[in-house]
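> Protein chains in written order, with my numbering: chain P, 1 to 359; chain D, 1 to 359; chain Y, 1 to 359.
Some hints here could point you the wrong way.
All copies of an identical chain are treated as equivalent in the list; a pair is satisfied when it fits inside any one copy or across any two copies.
[What the hints assert, rightly or not] Computed list of lysine to aspartate or glutamate pairs in DMTMM-like fashion (alpha-carbon distance at most 25 angstroms, straight line): (1) K39 with E283; (2) K251 with E47; (3) K249 with E82; (4) K240 with E82; (5) K39 with D209; (6) K306 with E353; (7) K17 with D6; (8) K2 with D241; (9) K2 with D157; (10) K39 with D14; (11) K240 with D20; (12) K240 with E334; (13) K39 with D96; (14) K116 with D241; (15) K254 with E211; (16) K39 with E235.
FYI, nobody ran anything at the bench for these hints, they're computed from the structure.
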Amino acid sequence: MKDLIDIRDLSPEDLQKLTDTALDIIARPEAYSHLCQGKKLATLFFEPSTRTRLSFEAAMYELGGQVLGFSQANSSSAAKGESVADTARVVECYADIIATRHPLEGAPLVAAINAKIPIINAGDGGHNHPTQTLADLLTIRRRKGRFGHLTIGLCGDLKYGRTVHSLIGAMSRYEGVKFVLISPEELRLPEYVRRDLEQGGIPYEENRDLEDAMPGLDVLYMTRVQRERFASMEEYERLKDSYILTVDKLKNAKPDMCILHPLPRVNEISVLVDSDPRACYFEQALNGKFMRMALILRLLGIPGEKPAQEVPTGEMVPGLRCWNHRCICQVEQELPQRFRRDREGAYRCLYCEALAETE
Amino acid sequence: MKDLIDIRDLSPEDLQKLTDTALDIIARPEAYSHLCQGKKLATLFFEPSTRTRLSFEAAMYELGGQVLGFSQANSSSAAKGESVADTARVVECYADIIATRHPLEGAPLVAAINAKIPIINAGDGGHNHPTQTLADLLTIRRRKGRFGHLTIGLCGDLKYGRTVHSLIGAMSRYEGVKFVLISPEELRLPEYVRRDLEQGGIPYEENRDLEDAMPGLDVLYMTRVQRERFASMEEYERLKDSYILTVDKLKNAKPDMCILHPLPRVNEISVLVDSDPRACYFEQALNGKFMRMALILRLLGIPGEKPAQEVPTGEMVPGLRCWNHRCICQVEQELPQRFRRDREGAYRCLYCEALAETE
Amino acid sequence: MKDLIDIRDLSPEDLQKLTDTALDIIARPEAYSHLCQGKKLATLFFEPSTRTRLSFEAAMYELGGQVLGFSQANSSSAAKGESVADTARVVECYADIIATRHPLEGAPLVAAINAKIPIINAGDGGHNHPTQTLADLLTIRRRKGRFGHLTIGLCGDLKYGRTVHSLIGAMSRYEGVKFVLISPEELRLPEYVRRDLEQGGIPYEENRDLEDAMPGLDVLYMTRVQRERFASMEEYERLKDSYILTVDKLKNAKPDMCILHPLPRVNEISVLVDSDPRACYFEQALNGKFMRMALILRLLGIPGEKPAQEVPTGEMVPGLRCWNHRCICQVEQELPQRFRRDREGAYRCLYCEALAETE
Numbered sequence: 001m002k003d004l005i006d007i008r009d010l011s012p013e014d015l016q017k018l019t020d021t022a023l024d025i026i027a028r029p030e031a032y033s034h035l036c037q038g039k040k041l042a043t044l045f046f047e048p049s050t051r052t053r054l055s056f057e058a059a060m061y062e063l064g065g066q067v068l069g070f071s072q073a074n075s076s077s078a079a080k081g082e083s084v085a086d087t088a089r090v091v092e093c094y095a096d097i098i099a100t101r102h103p104l105e106g107a108p109l110v111a112a113i114n115a116k117i118p119i120i121n122a123g124d125g126g127h128n129h130p131t132q133t134l135a136d137l138l139t140i141r142r143r144k145g146r147f148g149h150l151t152i153g154l155c156g157d158l159k160y161g162r163t164v165h166s167l168i169g170a171m172s173r174y175e176g177v178k179f180v181l182i183s184p185e186e187l188r189l190p191e192y193v194r195r196d197l198e199q200g201g202i203p204y205e206e207n208r209d210l211e212d213a214m215p216g217l218d219v220l221y222m223t224r225v226q227r228e229r230f231a232s233m234e235e236y237e238r239l240k241d242s243y244i245l246t247v248d249k250l251k252n253a254k255p256d257m258c259i260l261h262p263l264p265r266v267n268e269i270s271v272l273v274d275s276d277p278r279a280c281y282f283e284q285a286l287n288g289k290f291m292r293m294a295l296i297l298r299l300l301g302i303p304g305e306k307p308a309q310e311v312p313t314g315e316m317v318p319g320l321r322c323w324n325h326r327c328i329c330q331v332e333q334e335l336p337q338r339f340r341r342d343r344e345g346a347y348r349c350l351y352c353e354a355l356a357e358t359e
Numbered sequence: 001m002k003d004l005i006d007i008r009d010l011s012p013e014d015l016q017k018l019t020d021t022a023l024d025i026i027a028r029p030e031a032y033s034h035l036c037q038g039k040k041l042a043t044l045f046f047e048p049s050t051r052t053r054l055s056f057e058a059a060m061y062e063l064g065g066q067v068l069g070f071s072q073a074n075s076s077s078a079a080k081g082e083s084v085a086d087t088a089r090v091v092e093c094y095a096d097i098i099a100t101r102h103p104l105e106g107a108p109l110v111a112a113i114n115a116k117i118p119i120i121n122a123g124d125g126g127h128n129h130p131t132q133t134l135a136d137l138l139t140i141r142r143r144k145g146r147f148g149h150l151t152i153g154l155c156g157d158l159k160y161g162r163t164v165h166s167l168i169g170a171m172s173r174y175e176g177v178k179f180v181l182i183s184p185e186e187l188r189l190p191e192y193v194r195r196d197l198e199q200g201g202i203p204y205e206e207n208r209d210l211e212d213a214m215p216g217l218d219v220l221y222m223t224r225v226q227r228e229r230f231a232s233m234e235e236y237e238r239l240k241d242s243y244i245l246t247v248d249k250l251k252n253a254k255p256d257m258c259i260l261h262p263l264p265r266v267n268e269i270s271v272l273v274d275s276d277p278r279a280c281y282f283e284q285a286l287n288g289k290f291m292r293m294a295l296i297l298r299l300l301g302i303p304g305e306k307p308a309q310e311v312p313t314g315e316m317v318p319g320l321r322c323w324n325h326r327c328i329c330q331v332e333q334e335l336p337q338r339f340r341r342d343r344e345g346a347y348r349c350l351y352c353e354a355l356a357e358t359e
Numbered sequence: 001m002k003d004l005i006d007i008r009d010l011s012p013e014d015l016q017k018l019t020d021t022a023l024d025i026i027a028r029p030e031a032y033s034h035l036c037q038g039k040k041l042a043t044l045f046f047e048p049s050t051r052t053r054l055s056f057e058a059a060m061y062e063l064g065g066q067v068l069g070f071s072q073a074n075s076s077s078a079a080k081g082e083s084v085a086d087t088a089r090v091v092e093c094y095a096d097i098i099a100t101r102h103p104l105e106g107a108p109l110v111a112a113i114n115a116k117i118p119i120i121n122a123g124d125g126g127h128n129h130p131t132q133t134l135a136d137l138l139t140i141r142r143r144k145g146r147f148g149h150l151t152i153g154l155c156g157d158l159k160y161g162r163t164v165h166s167l168i169g170a171m172s173r174y175e176g177v178k179f180v181l182i183s184p185e186e187l188r189l190p191e192y193v194r195r196d197l198e199q200g201g202i203p204y205e206e207n208r209d210l211e212d213a214m215p216g217l218d219v220l221y222m223t224r225v226q227r228e229r230f231a232s233m234e235e236y237e238r239l240k241d242s243y244i245l246t247v248d249k250l251k252n253a254k255p256d257m258c259i260l261h262p263l264p265r266v267n268e269i270s271v272l273v274d275s276d277p278r279a280c281y282f283e284q285a286l287n288g289k290f291m292r293m294a295l296i297l298r299l300l301g302i303p304g305e306k307p308a309q310e311v312p313t314g315e316m317v318p319g320l321r322c323w324n325h326r327c328i329c330q331v332e333q334e335l336p337q338r339f340r341r342d343r344e345g346a347y348r349c350l351y352c353e354a355l356a357e358t359e
């Protein structure tokens, strides 16, 4: 692993080590405050995200390093039509590690393939956002003391919420984990994710009612339900309040349940819940910084050794191509179409994981 | 005082101490150059202001600290509709102190109420801009050696100019201060500010003519007169030149008068005045940096002790509400309506100071 | 030389010293890593340019200094109509050296005239971009070991390409240099540049065909050919492929030729050329950082002495004025019209070098 592109790049052992490092940083920050002296992080944000960008910047500063970059595409050369590959190769002249967010799926992988320095995916469209999942995981470990034997409720938009999919992917690997999927019909977890759970023998149940599901949960992961996602305004008006967390809905929750939210929230958690000791979403933001510190150290091999410098490159398959219009392969100059086989043997685009189709 | 939201939060003793610190920084910069090592300033600028932002950043760097943040709202989560309170609570995970500018009145106070770290108001709409007044005050002290016994001319837009109102508020507390208000009829100092002067027994006079007022002034504070503020184009054309400072209009000014301007200027001071030794507006920008250094140290309690961590919270008054459409209370999620009584006993909005009205 | 505004401000001796310093930085980076401690670079980019800005920022960080600034005009006071002169005078309160890019020709010179600190021109419209030329020159020196006795091919848009004009200006001063100008008729090198070559006795030839010119070249400088520059779409379609560098077109090139490109490229060099050892454009970006480090040290006088603090001021000539609508003199408040005589005795605008005309 040279880069972090997808949370699945990290094994449970990797996650154990990263959270160990984060806990040590929390315990002894001064021991880490100069480890990145003379190093530079580039934050290449082709679309804005204050929280994520500032978290990376704070992480690097707390390690004694420096930061440069841009916070939106129109202040970058992307406006002049430069490819992601070229940007990565130029920026590796200026920095030691890159954190990048891009509206197109697979763009961070293209950067990783082209740059010799580590690339961290800070969000590629609706595809992956692995450092958010790192924040979620450290929060669960700090609050519950373990990753296994937990009942995890996921509430709201389970269809489009990439953080939900990543968290399921990461937590599925621990023993005794059970998921409770709480969403309106329109926003159910996609069929292929449910199939993964079934094939892995991971127990899950679906529930339309948050209050009904509440008493059994150890963790409640809230996400936003957006109006645009509903078939009709009536449907939205009828359902929206069901997925807003209020003090009232918490009355039958376990006293040590923990409430997560990737933030920003709009109104899906009442402000009155913030003072409940079960609310963890602001400490989740803090934990995100510590995990990013641990990750930067790991990828730079500080202290100790760099992980193996592997980057997946897939294979070229004549006659196949990716038709996902949100994939980086649609716009990147001379980017070869490359594929990987999934668990079921089907070819998927190396960059965005869409199923390959014939040309 | 945990934060600096309004210049009136600072007593004359506070101002004496802050300007003392600034003068010591000027005399012995190397003694201060590492005091903020390991500390981070977040500059959260929801609307752009190069001068103010760069001044804060330079201040923090000259104290040995680091800076992160954003320079306009569309590169921030605000574009996704996040509340000011949530932004403040997340950013306190990443920084030790926040300087924020926001188009809505009261937004920095909302941040201060929600964050445990110090908040500095770097401008909230037309409401307050206390660090500009700190720059003005240090410039007066360095040039005149005192705050009392000065005749201060204020010229231009006295109606909307928030820096004028703040300077009057701060200087009114010193003995022997007299104001000369020089403006067109349309842009007179608001009635409530004049009433404050009268009730406090502070002498002032109004004058439509800058040249006529000039000989008596120890300090001349220029501001911009904007075309949009006039009832008619004819009126503007007839009056505009009267409020532009030229070399010629200075001929009867005292030889040690000092000319201030909050910058940026457009054309209200001729470039030819810049080389006059009485022109202080560029050193005012420099003084702003030194006062921001003194302020950051004070709020972080470096060296020595932090000031008392008080944040005004006002009171809830059933049946009353704030109707000011530029107030943060109109948009912030679940923000309670809160009020404070003014000197005359009337309830005013805690956030923007507008008079409360019945619901 | 207090500033770097135009590559011609640097003599061949200056260039020798700057490249010497850059080579020493490459050899012994740790010897330079603290030389700018406590110094601040302001990057004032009134139009975006990621590559150039990040290169300056990386340069300053690798010297141990700090960076502040803005990356586009709408996050700056320029949006409020502040003059370049005022911006420069304010920013010198906050920084020790300024690198600035501006859409108007001559803006960096106006900053240099007004600020007491050094100004580096990071691009002023289509006029000058001297630090790009510094990157080009270091790349040539590192690859070829010399500046003289080289045949330099310049390919693509030779009419509008400011980097081409600067490189010709800098390289013309070395013995044994010959230029091969490869462009469509529409984009030939301007007549006044060709006249300069002829008057200086510098050999050059023109060629419409890149493959034909290839075998004789020691250096090939590629630039982008933009569609908009052609008289007709047919003409563009007929010609465009001739000026795209492919693996195939390189087959008769010298084995040690070096290929330069100022970047960003769009499609004028095939990605397949990148792995050819003659491709130098990414190391050119790296070399740009080292030259900017050498330049910052030189202008700050670290170590050693500052260069003489001269700024050209030209002369006022009644009855003459500059009519170039892209010149800073068209918008800057109260900026006097000033002129310099060129080699042929004609008056040219001090700021943009356009020929002066009668009022």
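> With reference to the structure, classify each hint as holding or not holding.
Evaluated hints:
1. In this assembly of identical chains, K39 and E283 lie within 25 angstroms of each other by CA distance solely across copies; the values are 20 angstroms between and 27 angstroms within a copy.
2. Taking the closest pair of Cα atoms, K251 and E47 never come within 25 angstroms of each other, the shortest separation being 39 angstroms inside a single copy and 41 angstroms across copies.
3. In this assembly of identical chains, K249 and E82 lie within 25 angstroms of each other by CA distance solely across copies; the values are 23 angstroms between and 50 angstroms within a copy.
4. In the homo-oligomer, the alpha carbons of K240 and E82 lie at most 25 angstroms apart only across protomers (18 angstroms), although the nearest pairing inside one protomer, at 42 angstroms, exceeds that limit.
5. Proximity of K39 and D209 under a CA criterion of 25 angstroms is satisfied in neither setting, with 49 angstroms inside one chain copy and 46 angstroms between copies.
6. Taking CA atoms no more than 25 angstroms apart as the test, K306 paired with E353 passes in neither setting, with 27 angstroms inside one copy and 53 angstroms between copies.
7. Taking identical chains as interchangeable, the C-alpha atoms of K17 and D6 lie at most 25 angstroms apart only when both belong to the same chain, with a minimum of 17 angstroms there against 47 angstroms between chains.
8. Within a single copy, K2 and D241 get their C-alpha atoms no closer than 44 angstroms, and across copies no closer than 37 angstroms, so neither meets the 25 angstroms cut-off.
9. Taking the shortest Cα distances, K2 and D157 never come within 25 angstroms of each other, neither inside one copy (32 angstroms) nor across copies (39 angstroms).
10. In this homomeric assembly, K39 and D14 come within 25 angstroms of each other (Cα to Cα) only inside a single copy, at 23 angstroms, whereas the closest approach across copies is 31 angstroms.
11. Within a single copy, K240 and D20 get their C-alpha atoms no closer than 39 angstroms, and across copies no closer than 57 angstroms, so neither meets the 25 angstroms cut-off.
12. For the identical chains of this complex, K240 and E334 are inter-copy neighbours only, at 17 angstroms across copies versus 45 angstroms inside a copy, given an alpha-carbon limit of 25 angstroms.
13. For the identical chains of this complex, K39 and D96 are neighbours both inside a copy (6 angstroms) and across copies (22 angstroms), given an alpha-carbon limit of 25 angstroms.
14. Within a single copy, K116 and D241 get their C-alpha atoms no closer than 49 angstroms, and across copies no closer than 31 angstroms, so neither meets the 25 angstroms cut-off.
15. Taking identical chains as interchangeable, the C-alpha atoms of K254 and E211 lie at most 25 angstroms apart only when both belong to the same chain, with a minimum of 12 angstroms there against 75 angstroms between chains.
16. In this assembly of identical chains, the alpha carbons of K39 and E235 never lie at most 25 angstroms apart, being 52 angstroms within a copy and 49 angstroms across copies at closest.
Of the numbered hints stated above, those contradicted by the structure are hints 2, 5, 6, 8, 9, 11, 14 and 16, listed in ascending order.
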